[in-house]
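Chemist: 2 is the number of the first residue of the sequence shown in the working numbering; add one for each residue after it.
Treat the hints as calculated values from the structure; they're not laboratory data.
No residue lacks a Cβ here, since even glycine has one placed at the ideal position from N, Cα and C.
Be aware that one or more of the hints could be misleading.
[Unchecked claim] Cut-off 16 Å, straight-line C-alpha distance, at most; resulting in silico cross-link-like pairs (EDC-like, lysine to aspartate or glutamate):
1. Lys102 - Asp26
2. Lys87 - Asp33
3. Lys36 - Asp78
4. Lys104 - Asp48
5. Lys104 - Asp86
6. Lys102 - Asp78
7. Lys87 - Asp77
8. Lys104 - Asp33
9. Lys87 - Asp48
10. Lys36 - Glu108
11. Lys102 - Asp33
12. Lys104 - Glu83
13. Lys87 - Asp49
14. Lys104 - Glu57
15. Lys102 - Glu66
16. Lys102 - Asp86
17. Lys102 - Glu116
[Said to hold, decoys possible] Okay, the calculated beta carbon distance ranges per label pair:
18. Glu89 - Glu112: 29 to 35 Å
19. Leu114 - Asp48: 17 to 23 Å
20. Glu83 - Glu120: 30 to 36 Å
21. Asn68 - Glu116: 46 to 52 Å
22. Trp113 - Gly70: 27 to 33 Å
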Amino acid sequence: MYADSNDTDKRNATSKNTRNSRNGDIQSIAADLTKFQVRILAILAADDRYGLAVKEELSEYYGEEINHGRLYPNLDDLVGQELVDKSELDKRTNNYAISPKGKAALEYEMEWLEEQITEGDGE
2 MYADSNDTDK RNATSKNTRN SRNGDIQSIA ADLTKFQVRI LAILAADDRY GLAVKEELSE
62 YYGEEINHGR LYPNLDDLVG QELVDKSELD KRTNNYAISP KGKAALEYEM EWLEEQITEG
122 DGE
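Please work from the sequences and hints to get the whole structure.
Modeler: Written out as structure tokens, the structure reads:
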């Protein structure tokens with residue numbers, strides 16, 4: 002049983018070291034994201050969406066209306082960081098899609114959370 006614990010610790014350390022060396026910039030980007038921005042990336046990872054659809058998903062998650070003044074500055078920030086791609090559907094509607102860089106940042110965040118949960122279980 003003790004050997005299993007050491008093996009798990011070694012695997013976790015190896016996983017962390019590999020992830021950190023591979024994703025130095027992504028690690029920094031992911032660390033600076035707000036929870037709200039992480040949720041936007043998660044929504045867009047499931048499927049491309051126009052702004053109102055993102056707003057509706059977030060409103061459902063938070064259990065309250067998300068106003069434009071909160072959503073669109075965050076979307077613009079994610080676009081500026083090249084984590085989200087923005088394209089025009091028509092003159093009034095934009096489509097948003099997670100970029101490869103955004104997907105990498107989201108995956109990094111999810112892996113980090115998984116490690117914290119797993120380590121917290123004593124595994």
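Chemist: Hint by hint, note whether the structure agrees.
Modeler: Hint-by-hint comparison with the structure:
In summary, the hint linking Lys102 to Asp26 is supported, as the alpha carbons are separated by about 10 Å, within the 16 Å threshold. About 21 Å separates the Cα atoms of Lys87 and Asp33, which puts this hinted pair outside 16 Å; it is violated. In summary, the hint linking Lys36 to Asp78 is supported, as the alpha carbons are separated by about 14 Å, within the 16 Å threshold. For the hint pairing Lys104 with Asp48, the CA-to-CA distance comes to about 12 Å; that is within 16 Å, so the pair holds.
Simply put, Lys104 and Asp86 have alpha-carbon atoms about 11 Å apart, close enough for the 16 Å limit, and the pair holds. Proposed proximity of Lys102 and Asp78 is supported: the alpha carbons are some 14 Å apart, at most 16 Å. Of the pairs offered as hints, the one joining Lys87 and Asp77 holds, with about 9 Å between alpha carbons and a cut-off of 16 Å not exceeded. Using a Cα cut-off of 16 Å, the hinted pair Lys104 and Asp33 holds, with the two alpha carbons roughly 15 Å apart.
Between Lys87 and Asp48 the CA atoms are separated by roughly 13 Å; this keeps the pair inside 16 Å, and the hint holds. Straight-line distance between C-alpha atoms of Lys36 and Glu108 comes to about 14 Å, which keeps the hinted pair within the 16 Å bound. At most 16 Å may separate the alpha-carbon atoms for a hinted pair to count; Lys102 and Asp33 meet this at roughly 14 Å. Under the criterion of a C-alpha separation no larger than 16 Å, the hint pairing Lys104 with Glu83 is consistent with the structure, at around 11 Å.
Our distance criterion of 16 Å between C-alpha atoms is met by Lys87 and Asp49, whose separation comes to about 10 Å. Between Lys104 and Glu57 the CA atoms are separated by roughly 21 Å; this puts the pair beyond 16 Å, and the hint is violated. In summary, the hint linking Lys102 to Glu66 is not supported, as the alpha carbons are separated by about 29 Å, beyond the 16 Å threshold. Of the supplied pair hints, the one linking Lys102 and Asp86 holds, its CA atoms being roughly 10 Å apart against a limit of 16 Å.
A hinted pair counts as satisfied when its Cα atoms are at most 16 Å apart, and Lys102 with Glu116 does not qualify at roughly 21 Å. With their beta carbons about 34 Å apart, Glu89 and Glu112 fall inside the hinted range of 29 to 35 Å. For the hinted restraint 17 to 23 Å between Leu114 and Asp48, the CB-CB distance of approximately 22 Å keeps it satisfied. A C-beta distance of roughly 31 Å is found between Glu83 and Glu120, which places it inside the suggested range of 30 to 36 Å.
Take Asn68 and Glu116: their Cβ atoms lie about 34 Å apart, and the range 46 to 52 Å is violated. At about 30 Å, the beta-carbon gap between Trp113 and Gly70 stays in the expected band of 27 to 33 Å.
In terms of the numbered hints stated before, the structure departs from hints 2, 14, 15, 17 and 21, listed from lowest to highest.
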